[in-house]
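Engineer: On the provided structure of chain R, position chains W, P, L, E and B as indicated by the hints.
There are 6 protein chains.
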Amino acid sequence: MNRESLDHHSVKLEPGLVIETRQIEMVFPEVTNHYGTLFAGDALSFMAKSAFIAASRYSRKKVVAAKSEQVDFRVPVRQGNLIELISRVVSVGNSSMTIEVELYAEDFLSGERYLGTKGKFVMVALGEDGRPTKVPTLIQKEINTL
Amino acid sequence: MNRESLDHHSVKLEPGLVIETRQIEMVFPEVTNHYGTLFAGDALSFMAKSAFIAASRYSRKKVVAAKSEQVDFRVPVRQGNLIELISRVVSVGNSSMTIEVELYAEDFLSGERYLGTKGKFVMVALGEDGRPTKVPTLIQKEINTL
Amino acid sequence: MNRESLDHHSVKLEPGLVIETRQIEMVFPEVTNHYGTLFAGDALSFMAKSAFIAASRYSRKKVVAAKSEQVDFRVPVRQGNLIELISRVVSVGNSSMTIEVELYAEDFLSGERYLGTKGKFVMVALGEDGRPTKVPTLIQKEINTL
Amino acid sequence: MNRESLDHHSVKLEPGLVIETRQIEMVFPEVTNHYGTLFAGDALSFMAKSAFIAASRYSRKKVVAAKSEQVDFRVPVRQGNLIELISRVVSVGNSSMTIEVELYAEDFLSGERYLGTKGKFVMVALGEDGRPTKVPTLIQKEINTL
Amino acid sequence: MNRESLDHHSVKLEPGLVIETRQIEMVFPEVTNHYGTLFAGDALSFMAKSAFIAASRYSRKKVVAAKSEQVDFRVPVRQGNLIELISRVVSVGNSSMTIEVELYAEDFLSGERYLGTKGKFVMVALGEDGRPTKVPTLIQKEINTL
Amino acid sequence: MNRESLDHHSVKLEPGLVIETRQIEMVFPEVTNHYGTLFAGDALSFMAKSAFIAASRYSRKKVVAAKSEQVDFRVPVRQGNLIELISRVVSVGNSSMTIEVELYAEDFLSGERYLGTKGKFVMVALGEDGRPTKVPTLIQKEINTL
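Residue numbers (UniProt numbering), protein chains in the order written: chain R, 1 to 146; chain W, 1 to 146; chain P, 1 to 146; chain L, 1 to 146; chain E, 1 to 146; chain B, 1 to 146.
Isolated chain R (complex conformation):
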C-alpha cells in the first residue's frame, strides 16, 4: 500500500484485510511492581488490549473477549525498556477469532530484544443486536501492514 495515497484522502480497510496489529508501549514506573519489573497484570492488560484491537480491525464488528488462554511469564521485563505487542489473527470460527499475542521486550540502549511472553485470546464478534455474528474467513497470506 502506497503511503502517499493516504496523505490527503481517506482509505477504507475492508473486513478480513488487516490480520496483524503492532503496538509499542514504554515500561514506565506506573506499570512496574515494587521490584522494578513489568507487573503481570499490566502485561495481561496490554496483551488483551492488543488482541481487542486486532480482532476489531479484522472483523470490523464490535468484539468482546470470551477467553484468555494460559500465559507464561518467562522473562522479567525491566522498567525503562519498551515493549512491542504483535497480535495476529491465527484462526477463526463462525463468530470467534483466536488472536495470538507476542510481547517483545527491547532495551533502549543496548538494542537487545527478546520474546518476553506470548498468549492467545479468543474474541467474539457481536452484531447490532448484541448476538454473535459471522466474521470473515481467514485466508492465510503474507502479513498486511499498511
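Be a bit skeptical, because a hint or two may be false.
[Unchecked claim] Cut-off 25 Å, straight-line C-alpha distance, at most; resulting in silico cross-link-like pairs (DSS-like, lysine-lysine):
| # | chain 1 | residue 1 | chain 2 | residue 2 |
| --- | --- | --- | --- | --- |
| 1 | W | LYS67 | W | LYS12 |
| 2 | E | LYS67 | B | LYS67 |
| 3 | B | LYS118 | R | LYS118 |
| 4 | W | LYS120 | W | LYS67 |
| 5 | E | LYS62 | B | LYS118 |
| 6 | L | LYS118 | L | LYS67 |
| 7 | R | LYS118 | W | LYS118 |
| 8 | L | LYS12 | E | LYS62 |
| 9 | L | LYS67 | P | LYS62 |
| 10 | L | LYS67 | L | LYS120 |
| 11 | E | LYS62 | E | LYS120 |
| 12 | B | LYS120 | E | LYS118 |
| 13 | W | LYS67 | R | LYS67 |
| 14 | R | LYS120 | W | LYS120 |
[Said to hold, decoys possible] Label-pair restraints from in silico Cβ distances:
| # | chain 1 | residue 1 | chain 2 | residue 2 | range |
| --- | --- | --- | --- | --- | --- |
| 15 | W | SER10 | L | LEU138 | 32 to 42 Å |
| 16 | W | GLY130 | L | GLY130 | 26 to 36 Å |
| 17 | E | VAL11 | P | ASN94 | 52 to 62 Å |
| 18 | E | PRO15 | W | SER10 | 57 to 67 Å |
[Stated by the list, open to error] Listing some non-contacts, in silico: residues in chain E with all C-beta distances to chain R over 12 Å:
| # | residue |
| --- | --- |
| 19 | VAL64 |
| 20 | GLU69 |
| 21 | PRO76 |
| 22 | ASN94 |
Since the hints were derived computationally from the structure, they do not count as laboratory data.
All values reported here derive from a predicted model rather than from experimental measurement.
No residue lacks a Cβ here, since even glycine has one placed at the ideal position from N, Cα and C.
Structural biologist: Below, chains W, P, L, E and B alone, put in the same frame as chain R:
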C-alpha cells in the same frame, strides 16, 4: 482477632496466616470499553493484582507471577457496578503458590450480585538472592480475615 | 452466607444488609509524594471512595458526600506497603449515613500492620428526584461480610 | 514583580514570600462519580495537593499533612466545568502552617462562578533530620502572586 | 474583585473579561522520562490544556485547537519541582485566538524559579452548529485575575 | 528479518538500523475533551512519545526533545476510534535527529482511515556525560520493521 487491639498498636501477621484477600473496585469509565462494560484487560489486571497481594501476604516474601491459567469472561460487568475480587491460596508447592481469584459484580442500586469470572494464577516466592525460596505449608482451615 | 450458592446464580443483597466494606490498595509510586510516603490527598481520596461504596451498598440508593470530618494523619504509610480500608456504617439519620473509615497499613514482607488513620464521612441518599430519601434503620449486629 | 525579568534569568523566591497559590483543574470524566458530578474524594485530593503546594512554597521546607479539618460539600460541581483552587497560608505556629483552601467552580460557557467548598489543612515543615522545623512568621499583607 | 462577594453567591464572568489563566502542576514520576526530567510530551500536554482553558474562558464558547507553533525545550525541568503555566490571549481574529503559554519551573526547597519553555497555540471558537463563531475583540489592559 | 529466530533467543538491533516505529492507541474517554474528540494536548503527547521512541531506537542513546515544530490539527479524531502513530527518522545532524510523526485515525467499524495530523520533532542524543553525542549517519533505504 479483636479489632480494638489494632487501634493503637501494630500487630505482626506471620507467614501462612492470611490465606484470603478481598478487594473492592468500582467500574469507572476508564476501565470500560466503548460498549460500557468492563474491559477484559482491566479484569485480568485487577485479578492479577489481587493474586499478587494474596501471595505476598501469605508468604511474606517477594513474589512474581509465573503463569495465568485460562480465564473465561462469562458475563459482562457494567459500568457503574462495583466488583469484589476474592483471592485465596488454594495450593502450594515448594516455592510456588496457586491463587484462585473470583471476580464478583454487584449492582449498587439493586443489590444483585453474581460471579463474573474466576481464574487461577501461579505465583513464585523469591528470596533475597532473587531465586525461588520456600513458602509455608498450607494448612487448610477456616478463612482468616482480620 | 454460603459462597458456593453464589457460583452460578446471582443473589440479591437487600438494603440495610451490608454494613461493612473492605478494600485493599497498593501504595504505588503514583500515590506517594516525593518523600516516598502516601500523599495525604490520595489517602483522603481512598477513604472517601471507600465511604461512598459502603453507603451505597448499605442504602442501595444514589449517595453523595455531604461532609468529611477531621482526619489526622498520624503515621506515614510507606511506598510498597499495602493499605486496607475498612468502612462501617456507624449511625444513620433520616437520609444521612455516618461512615467510619479506618485505614490500615501493612508491610508486605514483615507482616507488620497498624492503624494509619481514621475518619468519618457523612453521606446522603438521594431518590430518583434528586432529593434526600429515607435510608434503612441501622440494627447493630455482628458484621455481615459475604 | 516584573514578569519580563523572569524571561531569561532565574529568580529566587525567599521563604515567607509566597502566601497564596492558585491551581486550575478541569472536571474530566475520570474525576466524576457515575452521576456526573465531581467525586468528593477527588475534591479532597485536589484540595490537599493545593494545600501541600502552598505550604511548601511558603516554608521552602519539606512538608507533610498533619490534619484535614471538616469539609462541607455544599454544591455539586458538574463534569465539563473547571475548578480553581485558591490556597492561602492563614496562620502559622512554630513548625505548622494552617492553609485555607477554596474550591471555585466555573462554567466554561456561561461564565458562572461560585464557591463549591472550602476547608483547612494543617501542614508541618520537616527539617533534614525528618523532625519538625521552624517556619517563617506570617506577616499579613497584600497577596503576593508573581 | 472582592473575594468575599463570591462566598455565598455566584458571579458571572462575561466573555472577553478573563485574559490570563494560571495553573500549577507538580512534576510527579508519572510525567517524567526515565532520566528524571519532565517528558516533552507531558509539557506539551500541560501547555495545550492551559491554552484550551484560557481560550474557553476568554470566549465563553466551545473551542478546539487549530495549531501549535514551534516550542523549544530549553531547560530540563526536574522531578519534584512544580511548574506554573501562564496562558494569555495575545491576539484574536474573527473566530481564532492566539494564546501564549509560558511554563515556569520552581524548585520547592530553594525557591529558584525560571522560564522552562514557552509556545503559542491557535484556538478556534465554535458555535452551536459546530462552525467557527465570532470571539470578543481583545482590548489590551491590565491582567484580570479574579 | 525472520520472526521465528526471535522466539527463543534475543537479537541485538544495532544503532542506525530501526528508522521507523509504529504505535497504536485507542481513543478512550480520558483523552477526549468534553466534545468527544481527541484533545490536542493528548495528540501532542502521543506524538512526542512516539518521536522519543523512534529517536531512542535509532540512536541507542539517551535522547531528549529539543524542539517540536508547528502542528496543525486538521481533522478531529473521534472517541472510540483508534490512532496509529508512525514516526520516522527523516534527517540527522551531528547529535540531533529530526523525526516526522504521522497520526492516522481509523474507525473500528467502517475501516475508514485518514491522516489526522503530522508534525516534526527534533531530538538530541546525549552521552554518559549528559552532553550531545554523535548519532549514526542516516542511509536512506527501505523501511526496516522487524
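Engineer: Hint by hint, say whether it matches the structure.
Structural biologist: Structure-based check of each hint:
Proposed proximity of LYS67(W) and LYS12(W) is contradicted: the alpha carbons are some 30 Å apart, above 25 Å. For the proposed pair LYS67(E) and LYS67(B), the alpha carbon gap of about 15 Å is at most 25 Å, so the pair holds. With a C-alpha separation of about 33 Å, the suggested pair LYS118(B) and LYS118(R) falls outside the 25 Å cut-off, and the hint is violated. Between LYS120(W) and LYS67(W) the alpha-carbon distance is near 9 Å, which keeps this suggested pair within the 25 Å criterion.
The hinted pair formed by LYS62(E) and LYS118(B) meets the criterion: a straight-line CA distance of about 24 Å does not exceed 25 Å. For a cut-off of 25 Å, the pair hint linking LYS118(L) to LYS67(L) stands: about 15 Å separates their Cα positions. Using a Cα cut-off of 25 Å, the hinted pair LYS118(R) and LYS118(W) holds, with the two alpha carbons roughly 21 Å apart. Only pairs whose Cα atoms come within 25 Å are accepted, and LYS12(L) paired with LYS62(E) is rejected, the gap being roughly 39 Å.
Restraint check: the Cα-Cα separation between LYS67(L) and LYS62(P) comes to about 29 Å, which exceeds 25 Å; the hinted pair is violated. Distance restraint check for LYS67(L) and LYS120(L): the Cα-Cα separation of roughly 9 Å lies within the 25 Å cut-off, and the hinted pair is therefore satisfied. Straight-line distance between C-alpha atoms of LYS62(E) and LYS120(E) comes to about 19 Å, which keeps the hinted pair within the 25 Å bound. Between LYS120(B) and LYS118(E) the CA atoms are separated by roughly 17 Å; this keeps the pair inside 25 Å, and the hint holds.
With a CA separation close to 15 Å, the supplied pair LYS67(W) and LYS67(R) stays within the 25 Å bound. Only pairs whose Cα atoms come within 25 Å are accepted, and LYS120(R) paired with LYS120(W) is accepted, the gap being roughly 16 Å. For SER10(W) and LEU138(L), the hinted distance range of 32 to 42 Å is satisfied, since their beta carbons lie about 37 Å from each other. At about 31 Å, the beta-carbon gap between GLY130(W) and GLY130(L) stays in the expected band of 26 to 36 Å.
Distance hint check: the CB atoms of VAL11(E) and ASN94(P) are about 34 Å apart, inconsistent with the given range 52 to 62 Å. Evaluation of the 57 to 67 Å hint for PRO15(E) and SER10(W) yields a pass: the beta carbon distance comes to about 58 Å. No Cβ of chain R approaches the Cβ of VAL64(E) within 12 Å, the least distance being about 20 Å, so the stated non-interface status holds. Here GLU69(E) stays apart from chain R, with its beta-carbon at least about 22 Å from theirs, past the 12 Å limit.
Non-interface status of PRO76(E) relative to chain R is upheld: no Cβ of that chain comes within 12 Å, the nearest being about 18 Å off. Every beta carbon of chain R lies more than 12 Å from that of ASN94(E), the smallest distance being close to 26 Å; the non-interface claim holds.
When held up to the earlier numbered hints, the structure conflicts with 1, 3, 8, 9 and 17 and fits the remainder.
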